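Just so you know, the protein sequences line up as chains A and B, in that order.
Here our numbering is used: the first residue of the first sequence is 139, the next is one more, and so on.
Here our numbering is used: the first residue of the second sequence is 16, the next is one more, and so on.
Everything labelled a hint here was simulated from the structure, so no lab data went into it.
Computed from a predicted model, the values in this text were never measured in an experiment.
Just to be clear, a hint being listed does not mean it is correct.
[Claimed, not checked] If the Cβ cut is set under 8 Å, some of the chain A residues that face chain B in the computed set are: (1) F151; (2) H162; (3) F185; (4) R190; (5) P832.
[Unchecked claim] Under the rule of at most 20 Å between Cα atoms (straight-line distance), these lysine to aspartate or glutamate pairs were calculated in the EDC-like manner: (6) A:K402 to A:E390; (7) A:K184 to A:E166; (8) A:K368 to A:E313; (9) A:K200 to A:D210; (10) A:K293 to A:D461; (11) A:K357 to A:E313; (12) A:K357 to A:E413; (13) A:K184 to A:D194; (14) A:K184 to B:D90; (15) A:K184 to A:E158; (16) B:K99 to A:D153; (17) B:K106 to A:E874; (18) A:K402 to A:E353; (19) A:K489 to A:E260; (20) A:K782 to A:D810; (21) A:K293 to A:E459; (22) A:K669 to A:E459; (23) B:K99 to A:E161; (24) B:K99 to A:D165; (25) A:K429 to A:E413; (26) A:K200 to A:D153; (27) A:K184 to B:D66; (28) B:K99 to A:E166; (29) B:K106 to A:D147; (30) A:K184 to A:E154; (31) B:K99 to A:E158; (32) A:K184 to B:E72; (33) B:K99 to B:E118; (34) A:K489 to A:E403; (35) B:K106 to A:E154; (36) A:K293 to A:E260; (37) B:K99 to A:E154; (38) A:K184 to A:D153; (39) A:K184 to A:D165; (40) A:K429 to A:D439.
Every residue, glycine too, gets a C-beta built ideally from N, C-alpha and C.
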Amino acid sequence: MNLRPDRNDWQEFLDEQIREHIEHETDENIARGMSLQEARQAALRKFGNVTRVREDTRSVWKMVWLEQWCQDIGYGLRLVRRNPAFSTAVILTLALGIGLNSAVFSVMDAVLLRHISYPNPERLVWVAQYDTGWQSDQDNRMLPSDFAAFREQTKSFASLTAYTNADMALNFAGETGTERIAYVGGDFWSVAGVRPAVGSLFGAGQPRVVVLTWELFQKRFDGNSEVLGKTVALDGRQFTILGVLPPQFRLEFPQFLRPNDERKEVGAYIAIPDETWRLPMTAYRAGNWEKVQESFGPLPDFVWIVGGLHRGASLQQVRAELDGIYQRLTRERPGIYHAHSALRVQPLQSKLASGARDAFLVLGGAVGFVLLIVCANVANLFLARATSRQQEVAIRRALGAGGVRLIRQFLAETTVFVVGGGIAGVVVARWTVACALRFGSGAVPRLAGAVVDERALAFTAGVSLLSAVLFGLGPAVSLVRSTQAPLRGKRGGYSVASGRSRGRTALVALQLAMAIVLLSGAGLMLRSYWKMSALPVGYSPEKILTTRLSLSGGRYGSWPQQRAYLEELQSRLMAAPGSQAAGVHCGSIHTAIQARDGGSAPVPTVIEYVSPGYLQAIGVPLLAGQWPDDMDLRAVIVNETLAKSLNGTGDLVGSQIRAAILSGRVAGIVPDVKTSQLDAEPRPTVYAPYPLSPHISSVEAVLRVSTDAAPVASAIGRRIAGIDPDVPVYTMGTLEGELAASIAPRRFNLMVLSSFAAVAVLLAWIGIYGVIAYLVAQRTREIGIRVALGATRMDVVRMVIGQASAIVGVGVTSGVLAALGLSRAMSGLLYGIQPNDPFTLLVAAVALASVALLACLGPSWRAARIDPIAALRTE
Amino acid sequence: MEHKLRILGMGRKAQKNDSLPGSLDMLILRTLSRRSLHGYGIVQFLQQSSDNELLVEEGSLYPALQRLELNGWIDGVWGVTANKRRARIYKITAAGRKQLTVETRKYTKLTLAIARVMGAE
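Isolated chain A, as found in the complex:
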C-alpha cells in the first residue's frame, strides 16, 4: 500500500515528473526530426517556467497546510480538555511563572529602575546632611541659610531648588480638609520642567499664592477654572489660587515624612518666602520662631535640597565644592545644627532607589529562581507526556502519518498550551500588581506608580513560552525519529527512556534545590520579623492612644496661646474615661550632650521635648531617680544608652548635663524605648520639658487607657477637636498600629518572598509528582515481574519511595548548600538573626522533603496496585 505523499515526497516527485515530462517531449521532438539540442530546448520552452511551476505547486500545499493547522489546533484543544490534570498543571505553571515574575519586574521597575520624569534626571543631585555619630544612614534636612549659601557660592549647579512639605488644613467655601502642601523655592519649576495647565506658576518667593495639582483641582474645586484668583485658607492664612498643574504631575523627590505620617501625594504648592533665606540663627530659638511666623507667614524651618548639575560638571566636583562651603559655614556659625554633621551628595536616582535596593535584589533573585523552576516543571511535564504517547506515535507512523505532520501536530498542541498559559499569565500579572498596590503602597516608596510593565511581561512570557515550545517539540521530534521502524516493544523504549529519565530526575532535583533556597530565605525573614515584633515587657501598645495635631496659624503664634492649648489638651485627655496617664510630645532635636563637669566627650543625642506624663503614658518605668515635677523646667530624664555613654559606672542622677540649647539636672533614668521605628537602634535620648522646645507646631498627644484603646479613639478625637475646631486632628490610632506601620516595608517584603516560596513549593510538588509517576510508569513491567515473583505491596512502595528519596535527598542537600552560599546576600534585610541560621535551614529542608515525599505517595500507591498480568500484557 502506498501512503499519501507528504510535502517532502511531493517535492521529489514533482522534480522527477517535470524531468520525465521534459524528457518525453524531447524524445517526441527528436522523433519529429530535431537534433538533440534543439529538441531539448523546444521541450523546455514548451513546458514553461519550471520554477514557477514548482512555486505554484507549492502554493497548493500552503493552502492545505493552513487547513491542516486548523485541524491540529482543534485536536490540540480536544486533547487539552481530555487531560484536565495535565493541562491544568501546565497552564497553571506557565501562568504563575509569567504572571508572578512579570509582576515583580514591574514593581521593581516602578521602585528601583523607573526614571524620574523631570528633564535630565541623570543630572539631578541630592544634597542632605547626616549625623556622623548616630544613625548616619538617615538624611536630615538642611537649614534655609545653607541653601542660600550654596546658591550664592557654587558654580557647578545650573539649577538649585529647595523644598519641604507640611500637612495643612485647607479651607475653601466653608469646607476644611487636610492636604499635603509642598513649599518650593529656588528653580523648582524649571527643574521639574512643567508648565501650568490652567493659569500660571508662581515666581521665586511670590507670597501668598498657591498652585494646585490637577487632582486636587478636580477633588476640591470641581475642576472649575473660575476658582483662579479666588482665595483659600491654609492653616488660617489666605492664599490666592494662581494656577493648576497638568494631570499626572507629581512631586517625585523624597517627601519629608515623620514616622507615623502616611504616604500621601502633594496636593498644592506654595512658594518659600524670600525672608526664609535671610533668617538669622536666633530665629530658630525657642519663642522666636512663632514671632517669625507671625510676621512673615508660614515658613519652612528646614528644607531638602536638589540641584541640577551643569552639563560639564561631575559629581566629584560638586561634592568638593559643597563640602568646602559647608565646612566654612560650620566654622563661621558653630551651633547645634552643624555639630557632628556632614554632607551627603549623591545622584537623586540612587537616593530614590537606596531604601529598596537590597530588598529588590533579593526579590530579583527569587524571581529568577521561580522562573527556572517553572521552566523545569514545564519541561518535565512535556517530557512525561511525550513518553506516554510513545505507543500512539508509533502506531500512527506505521499507519502512514508523515514525521513532519506529526511534529506539526505536537507543535499545534503545544501552541494551545502556550497561548492559554500566556493569557492566564497576563491575568495573574495584573491581579498580582493590584494586590501589591493594595497591601504594599503604604510601605514601599513609589510603589503607587506600578503598572504591569510590557517589557517584563514580554520577557517572562518569552522565556516561559520558549521553554514550553522547546520541551513540547524536543521530545516529540526525538520520539518521531526514534519510531521510524515499525512498532517495537517497550524494551526498545527502555534504553531511550533511561537516558531521558536521568535528565528529568536532575531537573526535579534542581527544582527542589531552588525551592529550598526560597523557603529558607522566607524563613529567615519570617524570624527577623518575629524578633522585631517582640516588645519589651510591661509595654502594651494596644492600650496607648496616640494622635498628632498641628498648632499653626496666627492664633498659635506665641507661647502663651500654645501653652493654653496644650494644657487644655492634657486636661481633656486625663478627663477621658479610663485614662491612666496622658502627655504630649512637642518636637525633637539632634544635638550633642556633655556632662556638666566636662569630663566626657559630647555624645550625639536626641532631645525629645515632652510633658512628664508622656513617658508614664507610654508605660516606661523609671530605672533610677524620680519623675520630675511639672513645674521644674530644669529637670530632665535620660535613657540608658545616654547614661552609659556619659558615665559608665557612676550614678548620673542628680548631675548636670548641658548642650548648646539646654542645660539641666538629671532627675531620672529610663530604659531605651522604641516608640516609632521598631527596627531602629536605640539612640541616646534626653527627655526635656516641652516648654523649652524651640518650636511647637507639630504635637503628638499620648493617652494611656485601662482598656483597649481602639474603640474609644474616635470619641477622644472628637473631644480634642472640640478644643479648637480649626486645629484638625490628623492621625488617631493606637501605638500598636504605629509600630506595625514602621515595619510595614519588611512585612511587605516578607509577604512577597513568602508567596514566592509557596509558589516554588507548589511547583516543586507538581514536578516531583510528575516525575515519580512517570518513573513508575516506566517501571511497570519490572514491577509486574517483581510482584509476580512474590514481592509484596510494601516492597513495591518501598522501592518507589526509595528511588524518590534519592532524588529528594540530592535536591535538598544541594539546596541547603546553595542556601548557605546565597543567604549572605540577604544579610542586609535581616534583623537579629544570622543568614546561616541552621535552625531555619533545617526546618526548610524537613518541610520540603516531607512535602516531596508526600507527593510520592500517590504514584507509589498506584504502583503497589499494579496487576502483574496487566503490566506484562501491555507489551
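Since the structure of chain A is provided, determine the placement of chain B on it from the hints.
Showing chain B alone in chain A's frame:
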C-alpha cells in the same frame, strides 16, 4: 494564427487568451476515468482528443494534479512507461469518479445557461 484554447490552472490570472478556469480539474478527471496516465500522457491525450484545440499549460498541470491528489480524487503511483521511463502514473479513485459527475453537472448547467443567453434576442 491559431486561437488555441489555453487552459489555465489555479494561481494564474486570466491572460489575453480565452480560458476556462476551473475546468482543468474536470478534464483531468475525465481523462483518468478512461485510463490511468502519467502527467505527460494527460497533456497529450487532451491535445489529441480535442483535435489540438485544447493546449494545456504544462505549468498548470502539476499544481492541478497535486490538488486532485490532496483531495483524494486521484492516486499516484510510480510505474514505468512504454519508453521504459520511470513516471508517476495517476488513476482516478471512487471519490474522484463522484467528483467528476459533480463537476460535469456544474459545467453542463453553465454552458446551457450561456447558450440560452446567446440564443435569446
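Going through the hints against the structure:
For A:F151, the shortest C-beta to C-beta distance to chain B is roughly 6 Å, which falls under 8 Å, so the interface hint holds. For A:H162, the suggested interface contact is upheld, since its CB lies about 4 Å from the closest CB of chain B, less than 8 Å. For A:F185, the suggested interface contact is upheld, since its CB lies about 5 Å from the closest CB of chain B, less than 8 Å. For the restraint placing A:R190 at the interface with chain B, the shortest Cβ-Cβ distance is roughly 6 Å, inside the 8 Å limit, so the hint holds.
For A:P832, the interface hint is violated, the least distance from its beta-carbon to any beta-carbon of chain B being 92 Å, above 8 Å. A hinted pair counts as satisfied when its Cα atoms are at most 20 Å apart, and A:K402 with A:E390 qualifies at roughly 12 Å. Of the supplied pair hints, the one linking A:K184 and A:E166 holds, its CA atoms being roughly 12 Å apart against a limit of 20 Å. The straight-line distance between the Cα atoms of A:K368 and A:E313 is roughly 15 Å, inside the 20 Å bound, and the hint therefore holds.
Using a Cα cut-off of 20 Å, the hinted pair A:K200 and A:D210 holds, with the two alpha carbons roughly 15 Å apart. For a cut-off of 20 Å, the pair hint linking A:K293 to A:D461 stands: about 13 Å separates their Cα positions. With a CA separation close to 12 Å, the supplied pair A:K357 and A:E313 stays within the 20 Å bound. Taking the CA atoms of A:K357 and A:E413, the gap is about 32 Å. The hint is violated against a cut of 20 Å.
Simply put, A:K184 and A:D194 have alpha-carbon atoms about 17 Å apart, close enough for the 20 Å limit, and the pair holds. Only pairs whose Cα atoms come within 20 Å are accepted, and A:K184 paired with B:D90 is rejected, the gap being roughly 26 Å. Between A:K184 and A:E158, the direct Cα distance comes to roughly 14 Å. Compliance with the 20 Å bound is thereby established for this hinted pair. A threshold of 20 Å between alpha carbons decides the hint, and for B:K99 with A:D153 the separation of about 18 Å falls inside it, so the pair holds.
Using a Cα cut-off of 20 Å, the hinted pair B:K106 and A:E874 is violated, with the two alpha carbons roughly 91 Å apart. For the given pair, A:K402 sits about 12 Å from A:E353 by alpha-carbon distance, which is consistent with the 20 Å threshold. In summary, the hint linking A:K489 to A:E260 is supported, as the alpha carbons are separated by about 12 Å, within the 20 Å threshold. Using a Cα cut-off of 20 Å, the hinted pair A:K782 and A:D810 holds, with the two alpha carbons roughly 11 Å apart.
Restraint check for A:K293 and A:E459: the C-alpha separation of about 8 Å stays at or below 20 Å, so the hint holds. With a CA separation close to 44 Å, the supplied pair A:K669 and A:E459 exceeds the 20 Å bound. Simply put, B:K99 and A:E161 have alpha-carbon atoms about 12 Å apart, close enough for the 20 Å limit, and the pair holds. Annotation: proposed proximity of B:K99 to A:D165 holds, straight-line Cα distance about 12 Å (limit 20 Å).
Between A:K429 and A:E413, the direct Cα distance comes to roughly 13 Å. Compliance with the 20 Å bound is thereby established for this hinted pair. Taken as a hint, the A:K200 and A:D153 pair is honoured in the structure, with Cα atoms around 18 Å apart against an allowance of 20 Å. For the hint pairing A:K184 with B:D66, the CA-to-CA distance comes to about 18 Å; that is within 20 Å, so the pair holds. With a CA separation close to 15 Å, the supplied pair B:K99 and A:E166 stays within the 20 Å bound.
The hinted pair formed by B:K106 and A:D147 meets the criterion: a straight-line CA distance of about 18 Å does not exceed 20 Å. As the CA atoms of A:K184 and A:E154 are separated by approximately 17 Å, the hinted pair is consistent with the 20 Å bound. Distance hint between B:K99 and A:E158 is fulfilled; the C-alpha atoms sit about 11 Å from each other, no more than 20 Å. Distance hint between A:K184 and B:E72 is fulfilled; the C-alpha atoms sit about 9 Å from each other, no more than 20 Å.
Proximity of B:K99 to B:E118 is assessed by CA-CA distance (about 34 Å); at most 20 Å being required, the pair is judged violated. In summary, the hint linking A:K489 to A:E403 is supported, as the alpha carbons are separated by about 19 Å, within the 20 Å threshold. For the proposed pair B:K106 and A:E154, the alpha carbon gap of about 18 Å is at most 20 Å, so the pair holds. Between A:K293 and A:E260 the CA atoms are separated by roughly 18 Å; this keeps the pair inside 20 Å, and the hint holds.
Under the criterion of a C-alpha separation no larger than 20 Å, the hint pairing B:K99 with A:E154 is consistent with the structure, at around 15 Å. For the given pair, A:K184 sits about 17 Å from A:D153 by alpha-carbon distance, which is consistent with the 20 Å threshold. Restraint check: the Cα-Cα separation between A:K184 and A:D165 comes to about 13 Å, which is no more than 20 Å; the hinted pair holds. Our distance criterion of 20 Å between C-alpha atoms is met by A:K429 and A:D439, whose separation comes to about 13 Å.
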